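There are 10 protein chains.
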Amino acid sequence: MLFHVRMDVAVPHDIDPQERTRLVTTEKARALDLQRSGKWVHLWRVVGQYSNISVFEVDSGDELHEILWSLPLFPYMTITVTPLTEHPSALSANP
Amino acid sequence: MLFHVRMDVAVPHDIDPQERTRLVTTEKARALDLQRSGKWVHLWRVVGQYSNISVFEVDSGDELHEILWSLPLFPYMTITVTPLTEHPSALSANP
Amino acid sequence: MLFHVRMDVAVPHDIDPQERTRLVTTEKARALDLQRSGKWVHLWRVVGQYSNISVFEVDSGDELHEILWSLPLFPYMTITVTPLTEHPSALSANP
Amino acid sequence: MLFHVRMDVAVPHDIDPQERTRLVTTEKARALDLQRSGKWVHLWRVVGQYSNISVFEVDSGDELHEILWSLPLFPYMTITVTPLTEHPSALSANP
Amino acid sequence: MLFHVRMDVAVPHDIDPQERTRLVTTEKARALDLQRSGKWVHLWRVVGQYSNISVFEVDSGDELHEILWSLPLFPYMTITVTPLTEHPSALSANP
Amino acid sequence: MLFHVRMDVAVPHDIDPQERTRLVTTEKARALDLQRSGKWVHLWRVVGQYSNISVFEVDSGDELHEILWSLPLFPYMTITVTPLTEHPSALSANP
Amino acid sequence: MLFHVRMDVAVPHDIDPQERTRLVTTEKARALDLQRSGKWVHLWRVVGQYSNISVFEVDSGDELHEILWSLPLFPYMTITVTPLTEHPSALSANP
Amino acid sequence: MLFHVRMDVAVPHDIDPQERTRLVTTEKARALDLQRSGKWVHLWRVVGQYSNISVFEVDSGDELHEILWSLPLFPYMTITVTPLTEHPSALSANP
Amino acid sequence: MLFHVRMDVAVPHDIDPQERTRLVTTEKARALDLQRSGKWVHLWRVVGQYSNISVFEVDSGDELHEILWSLPLFPYMTITVTPLTEHPSALSANP
Amino acid sequence: MLFHVRMDVAVPHDIDPQERTRLVTTEKARALDLQRSGKWVHLWRVVGQYSNISVFEVDSGDELHEILWSLPLFPYMTITVTPLTEHPSALSANP
Chain A
229 MLFHVRMDVA VPHDIDPQER TRLVTTEKAR ALDLQRSGKW VHLWRVVGQY SNISVFEVDS
289 GDELHEILWS LPLFPYMTIT VTPLTEHPSA LSANP
Chain B
229 MLFHVRMDVA VPHDIDPQER TRLVTTEKAR ALDLQRSGKW VHLWRVVGQY SNISVFEVDS
289 GDELHEILWS LPLFPYMTIT VTPLTEHPSA LSANP
Chain C
229 MLFHVRMDVA VPHDIDPQER TRLVTTEKAR ALDLQRSGKW VHLWRVVGQY SNISVFEVDS
289 GDELHEILWS LPLFPYMTIT VTPLTEHPSA LSANP
Chain D
229 MLFHVRMDVA VPHDIDPQER TRLVTTEKAR ALDLQRSGKW VHLWRVVGQY SNISVFEVDS
289 GDELHEILWS LPLFPYMTIT VTPLTEHPSA LSANP
Chain E
229 MLFHVRMDVA VPHDIDPQER TRLVTTEKAR ALDLQRSGKW VHLWRVVGQY SNISVFEVDS
289 GDELHEILWS LPLFPYMTIT VTPLTEHPSA LSANP
Chain F
229 MLFHVRMDVA VPHDIDPQER TRLVTTEKAR ALDLQRSGKW VHLWRVVGQY SNISVFEVDS
289 GDELHEILWS LPLFPYMTIT VTPLTEHPSA LSANP
Chain G
229 MLFHVRMDVA VPHDIDPQER TRLVTTEKAR ALDLQRSGKW VHLWRVVGQY SNISVFEVDS
289 GDELHEILWS LPLFPYMTIT VTPLTEHPSA LSANP
Chain H
229 MLFHVRMDVA VPHDIDPQER TRLVTTEKAR ALDLQRSGKW VHLWRVVGQY SNISVFEVDS
289 GDELHEILWS LPLFPYMTIT VTPLTEHPSA LSANP
Chain I
229 MLFHVRMDVA VPHDIDPQER TRLVTTEKAR ALDLQRSGKW VHLWRVVGQY SNISVFEVDS
289 GDELHEILWS LPLFPYMTIT VTPLTEHPSA LSANP
Chain J
229 MLFHVRMDVA VPHDIDPQER TRLVTTEKAR ALDLQRSGKW VHLWRVVGQY SNISVFEVDS
289 GDELHEILWS LPLFPYMTIT VTPLTEHPSA LSANP
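Chains as they are written, first to last, in the working numbering: chain A, 229 to 323; chain B, 229 to 323; chain C, 229 to 323; chain D, 229 to 323; chain E, 229 to 323; chain F, 229 to 323; chain G, 229 to 323; chain H, 229 to 323; chain I, 229 to 323; chain J, 229 to 323.
Isolated chain A, as found in the complex (with noise of 0.2 Å):
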């Protein structure tokens, strides 16, 4: 299945820097993790905005649940979730 996921981080700024910093490396690691594994199909950045665009491959909302509730920048990020189908004039519905 897939979804259409919008974040936008908003970390407080006076956040210690220290877990800032833990906060974006692990996450970091975490969005290379799930890409790798073909759960997160696409990961673009928003212009200006620190704010990402994404679209996620999984077996079902309750495993895209898992994988957004578990990520470090959970608590400060406002989510979006939208969920696609194939269009029917997409290519791969038309070959």
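The set of hints was computed from the structure by calculation and includes no laboratory data. Be aware that one or more of the hints could be misleading.
Residues from chain I shown here face chain B by an in silico Cβ test under 10 Å; the list is partial [stated by the list, open to error]:
id : residue
1  : Val239
2  : Lys267
3  : Val274
4  : Gly276
Beta-carbon label-pair distances, calculated as ranges [to be verified]:
id : chain 1 : residue 1 : chain 2 : residue 2 : range
5  : J       : Pro245    : I       : Ala321    : 21 to 27 Å
6  : G       : Val252    : C       : Thr308    : 39 to 45 Å
7  : E       : Thr308    : I       : Thr306    : 23 to 29 Å
8  : E       : Asp236    : F       : His241    : 31 to 37 Å
9  : E       : Pro316    : H       : Pro323    : 57 to 63 Å
10 : F       : Glu285    : E       : Asn322    : 17 to 23 Å
11 : E       : Pro316    : C       : Val269    : 36 to 42 Å
12 : E       : Ala238    : H       : Glu247    : 45 to 51 Å
Bear in mind the structure is a predicted one, so any value in this text is a computation, not a measurement. Heads up, the beta-carbon is just placed ideally off N, CA and C, and yes, glycines get one too.
Starting from the known structure of chain A, fit chains B, C, D, E, F, G, H, I and J onto it as the hints suggest.
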């Protein structure tokens, strides 16, 4: 350049059915052409809505505007354009 | 997979009364069929509004889209889809 | 009476960790009690969010207010209440 | 049970004048009946708007829905329903 | 003159508990006084929210402002004021 | 009593031109009368919009409603009413 | 040139009381000066809110910006500026 | 004086094609004249939308209103006007 | 490529004054450099707000993101990016 584009379609209910068919058919042909050309990189349907979420790879904003403006359904669509860039945690940036 | 769906209906005032009757009748038959099949798990009316709040249990977002797109009233509805998952405090998760 | 309730939780980041644990634990115990009593009929997690969507069956709005107001996490939640009624196309209305 | 209801009326400009008169007249008769029955407890006009703010005292949300749904102007109104309960600082709660 | 007033309360979580108690106690006393004086005509709690919906009958907007501005919880409330007038379908207008 | 009123006008494009002229002419005559009577204290055009921002000085909200409701363009206007009072830093309050 | 300005004030609750007094006192003195100079033409309090609605008559947008930017409460205000012009139905345009 | 202006165009779909052509042609001629006169300083198309973002340099808000109000497409545009002033970090302010 | 960028600045009130001065000073130096390089083509202050409206001419969205992300005030700004293209009625398109 990468652009994230969402298109929400609202064709008037009282449009001539033949005109509606012509619009949808030519829109589909145009979408397939643009996908084959590599400009329209991703095209997904939003679940439960007459909407798509797309990603375009074009040389410039000018080129994207020409593409969108010339879509047969353009007069009936609300379009939102979001410029994208490579995410520092994307696989492509961490080879 | 569980999806929360809200449908707000706005049939144009000047629609042909017979067409309106046909739409409402076939919509009701379809809703009953989908409930009997176990796909449309909950269907409630929102007090004071021509709207429903529903929960669907389907195999995928693709299946949900097919169901919603083929509803007779689809062209006259604004639909919001929210994916659900089991809550850690739900009875089902705490047997 | 049926009420649809959405609760979005936002516990401050700098809350004492023990207090956070206490809040979450007592909230869970209370939610389980209310489900066992038949008042809290449905409780789902929204995918990707610290939010739930619930349905309550209570004798009155007064009773619902007492329940929500006394939830341990109440001071940290944004709550939206929507009254529901039987849908004319629901199975229960078409036996 | 107490419900706060706001109704914003928007009758189309091109409606048949006789139909408009019929709608307004029957709506008024129905509103007076419901007030006399004690169901429609308060009915105020919002200054400068074709809107009312009302309070209903009914046995249930089901009853409120039946009342609102059967109002002659229902198809032309946007309705917002807010359940109310006794305020702990109200005179009635502090005899 | 009649005014519809909605007050949404948001006392900071980290306020001194004694100060919170003082605020709530003096607010309640003030609300009771104003109800007894006939100025604060209706006072309802919104189900599931730290909010009230009220109706005031005062000589002028000036008087209403003085009342609201001097409420102990005023600095912690978001207030919306809507002027009301007699509805042509109200019982009072149709004796 | 002072009220701040914003009126946004949206006359349908397909209205009969003579009716449009009649509406605009009678609206203007009514506005001049009300200004001469001292009820409509200020009347400004918003730059770039078919809108005005006004201040009324009337005996009550009832009187303001009667004035606004009887404006020829009332059916084509979105109106926002904001009650005003003397500002403690105004010259009038600091003679 | 005429400008309509709305200022919504939100001084933090935990500001030093002396600093708050200083801010409010200097703001008032500045407002009185600007009114006496003829720049700040109207200044009203919004009923029930820590907000004002004002009209400025200045030589240019530059001058208005300098005035607003140098108000003592500027860092704590949300400001909305709307340019005004003479209304064709105003008395001044119809001598 | 500098004003930032955004214009979103929405010509009705069922307008007479000749009238549409006339509107667009005269709008373009007018836009070119105003640019040559130095009043309409910048005119850009928003990518993917029937909208422009413009900057005007005019003597006053009155002059801007006359210009916008007399544009052929004015009745079909939603216009937002934002007054600008020199930025303290602009090159022009730091010669 | 042309991009329209709006930046709304909100530096926390309790920031260290020296840090605030450093931020504002380095931001100004950076803005001047980028203007001299021809990347930051226009920079205007919004009247009455701690905001700017800007136009950038860059090689790509990637370059714009790098510029914005590295601004000293970036962590304290809300940024909106709108891609622009040549307007068919612009002088440049009608030589």
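How the hints compare with the structure:
About 9 Å separates the beta-carbon of I:Val239 from the nearest beta-carbon of chain B, less than 10 Å, and the hint is met. Taken as an interface hint, I:Lys267 does not check out: its beta carbon lies about 25 Å from the nearest beta carbon of chain B, beyond 10 Å. Of the supplied interface hints, the one on I:Val274 holds, with its beta-carbon coming within about 8 Å of a beta-carbon of chain B, less than 10 Å. Annotation: interface hint on I:Gly276 holds; nearest CB of chain B at approximately 4 Å, less than 10 Å.
About 23 Å separates the C-beta atoms of J:Pro245 and I:Ala321, a value consistent with the hinted range of 21 to 27 Å. In this structure the hint that G:Val252 and C:Thr308 lie 39 to 45 Å apart at CB holds, the actual value being about 41 Å. Checked against the hint of 23 to 29 Å, the C-beta distance between E:Thr308 and I:Thr306 comes to roughly 25 Å, which is consistent with it. Range check, E:Asp236 to F:His241: Cβ separation about 36 Å, and the 31 to 37 Å hint holds.
Checked against the hint of 57 to 63 Å, the pair E:Pro316 and H:Pro323 passes, with Cβ atoms roughly 59 Å apart. A beta carbon spacing of about 20 Å between F:Glu285 and E:Asn322 agrees with the range 17 to 23 Å that was offered as a hint. Restraint check, E:Pro316 to C:Val269: a C-beta distance of roughly 38 Å satisfies the suggested window 36 to 42 Å. Checked against the given bound of 45 to 51 Å, the beta carbons of E:Ala238 and H:Glu247, roughly 49 Å apart, stay inside it.
Consistency note: the structure conflicts with earlier hint 2 alone.
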